[in-house]
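Enquirer: Take a look at the letters that make up each chain.
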Amino acid sequence: DGGITQSPKYLFRKEGQNVTLSCEQNLNHDAMYWYRQDPGQGLRLIYYSQIVNDFQKGDIAEGYSVSREKKESFPLTVTSAQKNPTAFYLCASRTDNSPLHFGNGTRLTVT
Amino acid sequence: SQQGEEDPQALSIQEGENATMNCSYKTSINNLQWYRQNSGRGLVHLILIRSNEREKHSGRLRVTLDTSKKSSSLLITASRAADTASYFCATEESGGYNKLIFGAGTRLAVHP
Numbered sequence: 123d124g125g126i127t128q129s130p131k132y133l134f135r136k137e138g139q140n141v142t143l144s145c146e147q148n149l150n151h152d153a154m155y156w157y158r159q160d161p162g163q164g165l166r167l168i169y170y171s172q173i174v175n176d177f178q179k180g181d182i183a184e185g186y187s188v189s190r191e192k193k194e195s196f197p198l199t200v201t202s203a204q205k206n207p208t209a210f211y212l213c214a215s216r217t218d219n220s221p222l223h224f225g226n227g228t229r230l231t232v233t
Numbered sequence: 003s004q005q006g007e008e009d010p011q012a013l014s015i016q017e018g019e020n021a022t023m024n025c026s027y028k029t030s031i032n033n034l035q036w037y038r039q040n041s042g043r044g045l046v047h048l049i050l051i052r053s054n055e056r057e058k059h060s061g062r063l064r065v066t067l068d069t070s071k072k073s074s075s076l077l078i079t080a081s082r083a084a085d086t087a088s089y090f091c092a093t094e095e096s097g098g099y100n101k102l103i104f105g106a107g108t109r110l111a112v113h114p
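So the sequence lines, in the order shown, correspond to chains U and Z. First residue of the first sequence: 123, per this note's numbering; consecutive thereafter. First residue of the second sequence: 3, per this note's numbering; consecutive thereafter.
In isolation and in its complexed conformation, chain U is listed as follows (with noise of 0.2 Å):
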């Protein structure tokens, strides 16, 4: 079955630490986004890609970093440079127009 993975479902980091979440999926599309969800809110776009090899920063980029070497792939990279990076984080992807295809989501806490 054709889906996204987010991996690991729980996070734990120490302050100070970078910390990579993973983001793959095998629906063959294009676009892959990363938001951010605190407590009883919305979600916030940090960034999102088109295409491989390209990606555009969102609302609440600063701290946070991605790459797209990959069509499948799009991890998340949450610096220390990010205030307050304990949240669920949620990946999704999607073709041109259509809906957004979310994985489950990753809680990280930095302690």
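Quick caveat, the hints were computed from the structure, so don't treat them as lab data.
With a straight-line cut-off of 20 Å between C-alpha atoms, the simulated DMTMM-like cross-links for lysine to aspartate or glutamate are:
#: 1; chain 1: Z; residue 1: Lys101; chain 2: U; residue 2: Glu194
#: 2; chain 1: Z; residue 1: Lys28; chain 2: U; residue 2: Asp181
#: 3; chain 1: U; residue 1: Lys179; chain 2: Z; residue 2: Glu95
#: 4; chain 1: Z; residue 1: Lys101; chain 2: U; residue 2: Glu184
#: 5; chain 1: Z; residue 1: Lys101; chain 2: U; residue 2: Asp181
#: 6; chain 1: Z; residue 1: Lys28; chain 2: Z; residue 2: Glu95
#: 7; chain 1: U; residue 1: Lys136; chain 2: U; residue 2: Asp160
#: 8; chain 1: Z; residue 1: Lys101; chain 2: U; residue 2: Asp152
#: 9; chain 1: Z; residue 1: Lys101; chain 2: U; residue 2: Asp176
#: 10; chain 1: U; residue 1: Lys193; chain 2: U; residue 2: Glu146
Chain U is fixed; fit chain Z onto it per the hints.
Expert: Chain Z only, in chain U's frame:
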């Protein structure tokens, strides 16, 4: 910046009643999409309505779009306890290069 803003923030109803959620946005859009999220999970797409459409149905769901008022509504008829979830609208701006922006969502609780 948030493009879509849902109203109300929370809604509590009894099974069998209808639930209406509203979404307002600020710019010209290609389409507007509604999603559902169960607690702690990813979002699931419900309906996509294009800017040249005014109404769309899918099962017990009815979505309307008024581009002159920059607003949309999602109606869930004959609600069930299993409809309990958060509902979000997302907009794709015209010329927005595939960028989708979500609102803060409506938390719906359907009581048996």
